[in-house]
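Number of protein chains: 2
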Amino acid sequence: MSTNIKNNLPQTNQLTLGVFGFGVVGKGLYDVLKSTPALQASIHKICIKNPDKKRAIPAENFTNNAHELLLDENINVIVELIDDAEAAYTIVKTALQNGKHVVSANKKMIAANLEELLYLQKKHAVAFLYEGACCASIPIIRNLEEYYDNDLLSSVKGIVNGSTNYILTKILEEGLGFKDALLQAQQLGFAESNPALDIEGHDAANKLSILLAHAFGKIIETSAFLYSGITSIKLSDAQLAKQKGLKIKLIATAQKVEGNKLAAFVLPQFVEQHDELADVSNEFNGLITESSFADKHFFKGKGAGAYPTAAAVLSDIAALRYNYKYEYKKYYLQTDYELSNDYYLKVFVSSNDIDKINKEDFEWIEEWHNEATNNWVVGIIHAGKLLENNWWKQPGVSLILNQNPIVTNVEYRKINKKSLELAGVV
Amino acid sequence: MSTNIKNNLPQTNQLTLGVFGFGVVGKGLYDVLKSTPALQASIHKICIKNPDKKRAIPAENFTNNAHELLLDENINVIVELIDDAEAAYTIVKTALQNGKHVVSANKKMIAANLEELLYLQKKHAVAFLYEGACCASIPIIRNLEEYYDNDLLSSVKGIVNGSTNYILTKILEEGLGFKDALLQAQQLGFAESNPALDIEGHDAANKLSILLAHAFGKIIETSAFLYSGITSIKLSDAQLAKQKGLKIKLIATAQKVEGNKLAAFVLPQFVEQHDELADVSNEFNGLITESSFADKHFFKGKGAGAYPTAAAVLSDIAALRYNYKYEYKKYYLQTDYELSNDYYLKVFVSSNDIDKINKEDFEWIEEWHNEATNNWVVGIIHAGKLLENNWWKQPGVSLILNQNPIVTNVEYRKINKKSLELAGVV
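So the sequence lines, in the order shown, correspond to chains A and B.
FYI, the numbering for the first sequence is 1 to 426, going by this note's numbering.
FYI, the numbering for the second sequence is 1001 to 1426, going by this note's numbering.
Some hints here could point you the wrong way.
[As the list claims (entries may be wrong)] Straight line, CA to CA, 30 Å or less: simulated BS3-like cross-link-like pairs of lysine-lysine:
1. B/Lys1170 / A/Lys296
2. B/Lys1049 / A/Lys329
3. A/Lys329 / B/Lys1244
4. B/Lys1123 / B/Lys1170
5. A/Lys123 / B/Lys1296
6. A/Lys296 / B/Lys1123
7. A/Lys261 / B/Lys1234
8. B/Lys1122 / A/Lys296
9. B/Lys1093 / A/Lys296
10. B/Lys1034 / A/Lys296
11. A/Lys242 / B/Lys1385
12. A/Lys325 / B/Lys1242
13. A/Lys123 / A/Lys170
14. B/Lys1325 / A/Lys325
15. A/Lys244 / B/Lys1244
[As the list claims (entries may be wrong)] Calculated Cβ distances over 12 Å to all of chain B for the following chain A residues:
16. Val32
17. Gly175
18. Lys256
19. Lys296
20. Pro395
Honestly, the hints are just simulated from the structure, not real lab data.
Ideal Cβ placement from N, Cα and C applies to all residues, glycine included.
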């Protein structure tokens, strides 16, 4: 066995940070660092867009010249905490090329560029850590990297967007209107500056993309899998859920299905009251992993907000002191598993107008409710069809997954349109 | 910044294992390894006590000579999975001295010898991993080591013994008798071979000792803190809890209190229905960490059983391929925090005979119920007094902590016996 094991006594690196951005997370990190001098990490300079804006700390901390950070040899770690994914990409790329370690929480930028960023890390022998990009404070990336061996993990699913979970909690459990709930989420610093990223599911999809890389070693852009947000959920859906003793949550799922297929999607879903995810409220996130031997694990923690995200960023900075880096073992080792949209989902689709529901797309219709402006269908549909067709994204139509959405019973494949004819539906 | 960062491409070590023990966990590991050939780890030899016992796998796998494993240069990892803590200690010590990495799940042996085992790891530059020793499948040691920076973590508490949690669930929620519940736990492989280790709280105390090392960097033997088990919990306690909408769980707590004190105890405790720990049933374990910035995290997973423990052992083996070792940063960095039994607890004490309750030990008595054979007191008591005095461990007496047991209000310190006299109690 090789003996190049790290020395037992911690050998820590002195970290000098260049920080991009001084929004809620940047300010949170500044506060956190001030409270933890033991960390041996100090902020050398903060780069912001508008140098004239009045700030809570002295002006000499700031610059609006990115090169002052990226070219400064004293800075060995760049902490990227800005909103703009394009600008963040340029910063991170340049920093890695300049041999600096990078910590980021920009899920959109990471999901869109992971393959290249991974290559750059390797080429320049630097670390790129982003625990804060996925479920904020929950150490899920680290656990997926370190604890679960690829062939044992069968699924990862959960609530990965704190803002939409906050909004759903306020609407469905406390009776607030959508706009008021969104406004509250924004005021509390849980929402992205562009709320469409949250409520249309893009943010959750970006996180699922990152989870796929660390859980299953697959780098997959969000456009390749099925996702939507919470904008279409109607009050009548919520009432129906309540009647049935269910909750509605926006859930991201990555799951091995039959053969070597990997199903991945982000969709609103009904959850049973006794399900761990039912108790994940407000800005909390929750993740359930399933593996053959460890069985089920549940992780819960704050998934949005300045301090929880800053805490994750801080834990990455702390890890850099000990030369930690993601090893992307599952990505390098590769497996036969490939993303597939060839699987079936059990869905509830409601609409103010039954004609908006494309019944022909269903393999099987289990429930059928036609009542003036309150119509719904419960049935089995092919995931690929949902990805191709957009009728379920029309205004007035909402699609919510069943509690156990993936239908693996191959029988459904053999059912052709005749079953619908027999049911008198088409 | 140092450049001796590990190469980005995974460099894996071929692991050749010598396994001690072939009980439920050993057999579980054997099964798990057979299902994961990608792991590059093979069992070279298994050492068992009785070589004549009929086993599920061929006899050539076994030996009863420990030296065949400990002196074999082909074996680079010793996996210690035996019951006997004394024998396990000798095996682990010898293995470390012989330059072999060690994986163990023997919490009793680890808790009793951690300081020496830590010294040996360092001296011989080998790794000693034991994720399975604490909450079986939950990756808590890894997370405490890697994610939480010492000065941020304020408490770790939870259900850490799957066997007693299984028994409590069966008794309190399903109405089984104690003996039947214990028998079931044993039949399902959740209980230690000596059930006293579980039901008297020794096992949970050992785990708390291990948690203290990784959460707060303190190596503390179990005799230094307060603990008990579940044997004294009476049916009347359970009925009272039910009336109040509470559950009873055996909870291990390590918490920073005022000044530089660290409180640590394992005691039965009432929990509210909405508490995450209330939903941890049967053999599951659950842990809640609290830290200043990340706030609250909750981890839940199977805490007993052959496969969940084997999964944790397997994850340690997998980590050895990448030269992972615990760095015990918090232990080496040291802090001012010291274990203290100088704090106050709010307790419920019931007894079939009110005279068995040592009322003079209380600082304050809040509730007082005297009814033939059904007596109880709710009050504030000094933790140090509970540690010194054993009246609350008498047969017929049970002590259960309040939902929020640690009383930090210093007012209580100023209340002398006069308050009891005023209450007409003493």
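Task: Enumerated hints in conflict with the structure, sorted upward - done: The structure breaks hints 2, 3, 4, 5, 6, 7, 8, 9, 11, 12, 13, 16, 19; every other hint is satisfied.
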